[in-house]
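Q: Take a look at the letters that make up each chain.
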Amino acid sequence: MSDPMAEIRASFFIECEELLESLQDGLQMMDDGESDSETINIVFRAVHSIKGGAGAFGLNDLVHFAHRFETAMDEVRTGRFVPDGEAIKIFFACADVLGDLVRASRDETPILDEMTAPVLDSLERLVGMEEEVEEEVEFVPAGIALDLGGLGDLGGGMGDLPPLDLPALDMPSPDLLSADGLPEGSETPDVAGDNDAQAALGKGFKIHFLPEPALFISGNEPLYLFRALRDLGDLTVRCDTSRLPAAEALAAETGYLSWSLVLLTEEPETAVRDVFEFVDGLCVLTIEPITNAALDGSMALPDLDVPSAQIPLAPGDSAETAPVETIAAEAPPSSPAQAAPAALPDRLAPGAAAAPIPAPIPAPAAAPVAPPAPIESAAESTEPSDAPSREAKNAPTQPRATVRVDLERVDRLVNLVGELVINQAMLSQSVTEAGLPANSAVSTGLEEFLQLTRDIQESVMMIRAQPIKSLFQRMGRIVREASAAVNKDVRLHTDGENTEVDKTVIERLADPLTHMIRNAVDHGLETTEKRVASGKPRNGHVTLTAQHRSGRIVIDVSDDGGGINRPRVLEKAIEKGLVSPEAQLSDGEIDNLLFLPGFSTAAEVSALSGRGVGMDVVKSSIQSLGGRIAITSVEGKGTTFSISLPLTLAVLDGMVVRVAGETLVVPLNAILETLTLTDDDIKQLGPETHVVQLRGGFVPLLDLGAELGYRTPEQSYVGGIVLLIGQEDGHRAALVVDAIEDQRQVVIKGLEGSYGRVPGIAAATILGDGQIALILDPMDLISQASGRTKDRSLSLSHAG
Amino acid sequence: MNDITKQPDSAIELLSFRVGGQDYSVDIMSVREIRGSAKATSLPHAPAFVRGVINLRGTVLPIIDLAARLGLETGQDTERNVIIVVDLGGRTAGLMVDAVSDILAIPTDEMQPPPDLAADDARTFVSALTIVDGRMIRVLDLNAVMPPQGEEAA
Chain E
1 MSDPMAEIRA SFFIECEELL ESLQDGLQMM DDGESDSETI NIVFRAVHSI KGGAGAFGLN
61 DLVHFAHRFE TAMDEVRTGR FVPDGEAIKI FFACADVLGD LVRASRDETP ILDEMTAPVL
121 DSLERLVGME EEVEEEVEFV PAGIALDLGG LGDLGGGMGD LPPLDLPALD MPSPDLLSAD
181 GLPEGSETPD VAGDNDAQAA LGKGFKIHFL PEPALFISGN EPLYLFRALR DLGDLTVRCD
241 TSRLPAAEAL AAETGYLSWS LVLLTEEPET AVRDVFEFVD GLCVLTIEPI TNAALDGSMA
301 LPDLDVPSAQ IPLAPGDSAE TAPVETIAAE APPSSPAQAA PAALPDRLAP GAAAAPIPAP
361 IPAPAAAPVA PPAPIESAAE STEPSDAPSR EAKNAPTQPR ATVRVDLERV DRLVNLVGEL
421 VINQAMLSQS VTEAGLPANS AVSTGLEEFL QLTRDIQESV MMIRAQPIKS LFQRMGRIVR
481 EASAAVNKDV RLHTDGENTE VDKTVIERLA DPLTHMIRNA VDHGLETTEK RVASGKPRNG
541 HVTLTAQHRS GRIVIDVSDD GGGINRPRVL EKAIEKGLVS PEAQLSDGEI DNLLFLPGFS
601 TAAEVSALSG RGVGMDVVKS SIQSLGGRIA ITSVEGKGTT FSISLPLTLA VLDGMVVRVA
661 GETLVVPLNA ILETLTLTDD DIKQLGPETH VVQLRGGFVP LLDLGAELGY RTPEQSYVGG
721 IVLLIGQEDG HRAALVVDAI EDQRQVVIKG LEGSYGRVPG IAAATILGDG QIALILDPMD
781 LISQASGRTK DRSLSLSHAG
Chain Y
1 MNDITKQPDS AIELLSFRVG GQDYSVDIMS VREIRGSAKA TSLPHAPAFV RGVINLRGTV
61 LPIIDLAARL GLETGQDTER NVIIVVDLGG RTAGLMVDAV SDILAIPTDE MQPPPDLAAD
121 DARTFVSALT IVDGRMIRVL DLNAVMPPQG EEAA
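Going down the list, the protein sequences come from chains E and Y.
Going by UniProt numbering, the first sequence opens with residue 1, and the numbers climb by one from there.
Going by UniProt numbering, the second sequence opens with residue 1, and the numbers climb by one from there.
Hints listed in this document are in silico derivations from the structure and should not be mistaken for laboratory results.
For glycine and all other residues, C-beta sits at the position ideal for the given N, C-alpha and C.
Do not rely on the hints blindly, as some may be mistaken.
[Stated by the list, open to error] The calculated label-pair distances, taken between Cβ atoms and stated as ranges, are:
| id | chain 1 | residue 1 | chain 2 | residue 2 | range |
| --- | --- | --- | --- | --- | --- |
| 1 | E | Asp406 | Y | Glu110 | 46 to 56 Å |
| 2 | Y | Ala99 | E | Gln584 | 54 to 64 Å |
| 3 | E | Glu752 | Y | Leu129 | 46 to 56 Å |
| 4 | Y | Met136 | E | Leu668 | 52 to 62 Å |
| 5 | E | Asp679 | Y | Asp141 | 26 to 36 Å |
| 6 | Y | Thr108 | E | Phe13 | 21 to 31 Å |
| 7 | Y | Glu33 | E | Asp406 | 26 to 36 Å |
Make a model of the complete structure from these sequences and hints.
A: Here it is in structure tokens:
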């Protein structure tokens, strides 16, 4: 067994990450000028909650810092201090440090004074608060109890942390609950008085709940049930302690309490019953709809002892439910009573919420005007119990339910589904080989299997996907730090933060993106003086956007700086011997020189450069993710780096081709079209190169077999099959293959882990016959082959 | 066939095999399995000794033609070629050899370092030598055999 404390700790730190995220969001909103009290409260609560949790774990350094931060935020909250842009910068810095401290505490690395001292100093200068050493010392022990109690009510993330509020709130023993009649967090037991007035306002249910001992033995807790009810509407709880024996006769394991509850809600009865789903059979439960007629009578407190009103919660036991129906029918047929049951089914039917349990809707059965037909059909057409519970889950008051799952488990699932896809492909292949007709049951069944496999795969992939927001927020910090280091005023804009990307992609994007952001701040943007001189706003802007585009995710990093100084880039490249002085390079080619290893244009070494990482490293890390990077720059307007990545690293749609006896897979999204060459199409260009004439344009012809070193170039390509490959930057190439075999989804198996990177090859996959086929990286292949920007000499030797 | 007659305290077990007409062996603890040869998918721009990759129950396994790697004469591929799947620091690779011969328990004090001979290709691949029944058994240095990580022709 793992240490339960460690688990609680781990979940605290996960909560912290979420809180830090909302802290960043809040500060960003303040920075954007939305300093309303709700925003400030979000920030305050986030800091407060982290402090509270940290106190519980005795993380004193964290508590101290959070406390100082919180005090400053409190000044803002109370309006005693109005933050300006400078102040918000400091708050951002505080949030960054707070994040550092949280992570340091999590990893149990020592927290040094240097980490917190500078921001605390500026914070103090800002708000002018005094040292509160005495108070802080006192605070720590007190904070544990106080904050835990408060957290549940705050509902600001920390409320979900079950182990924390356990000691303060939850007393599983019914005997304890009786002490004040009510568990904390429920409404006051003052039922009779205002209940009538409230009940008259809306619909609701009278619930009588008598737990049997088995309910407590099986670990259920009435308090949670009541809380769930409270989420449905206005709840009034009254505890009946009349059965409680004298202390000496009290058996500790027997529950003596029962509760009568009045719930005012618009929810259907099924929703209420769902709350009690897990204690089905463990209690005596009566749920009666409140009608105005009932209120007219002596409804104020349900008569607990009426035996006919007590039914065990056993759905389908219609005999037992009969009395309830009778009661409803016996209600005086005043006009409101008729209106109520008639309205009920109306509300239920559209949502298909009517469950086929006879008990839940007693009213329509008895009411003379009840239209039972639509309910019946609705109930039949949906699964019996799913619909209502789904409805309950969608209740507006509840946050979206999430589950934390170990990433390893998800990955296991991803792998298994991958195997399933391969297996399915093998099965398809053997069915085809067996020569079964296409309309046979096996073939159609297999077709459905294929569809299901794809659906499962997509769903599994979606588990791994998460919004790119966390990554973008980290970049916010990079911008702040980088701009401070080079003394520029820079604002970061982000767009498309909710674009979902595979988790691995997000993790592995962090480094290259950090570098690109630093570059944009350091090299991309001009100095403030230069900006002013050229009539630009003082503030430099760095924009980070993410979006889905045709099955890939595209991330743009752009700045509104001076653009690439092409003459200088070229000069530098010639100086370093990367290009020959005679070379005639297009603008795009010059821009791409930036990706050459060991290239740096910064005239002076600044605080940010000299890290030994260049754009070439960025490029190769993007490539290792199956991505590409492109660069566009407009003189005087700015530069944009565009990263295009596959959505998932696990599967792709590919075309299976044969070349020189080898089977290869070409990613489908790279193929624009396929065609067969005629004599007229092929034109010789240089001594050893050909182009394909295609609708007025010329496309370089590449022999895939020769490019990969499988064979020497063929004598003639007339009649050959070519795949027209389109690149991100609009460049095209025609790849000659021997045959096109199939088009299918393949599971990507990385080569880099077992062998290493192979030029022109993205990965491998396993085909239906169990053989491994290589997945082509057309862009890499073409860039190597055409010799653009990189390895010109190498590619020439390939071609020759 | 089985030479394990006595098991001294400090002995290592070696899997011996023949490759290019010579006797080699590897520490049995690094051997994961032995399997028959299969058609490998060749890798472009790979060194000559890398035969390609095969499918080992869903994972991609690079195959190294050990004879070529050691600079020995490579015979014709036959049905009888075997692949020794070895594990090395988390990486897995298959070594293609002529035949697996035996499992030997060799006392550690009977292992000798290879003599400092001329710059022969094979020498760098041998970490120790021993004699079994008058035959010289070379202990293969797996680290030297595996292609370097992140090998890039570009």
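Q: Checking each numbered hint in turn, tell me which of them this model violates, lowest number first.
A: The structure breaks hints 3, 5, 6; every other hint is satisfied.
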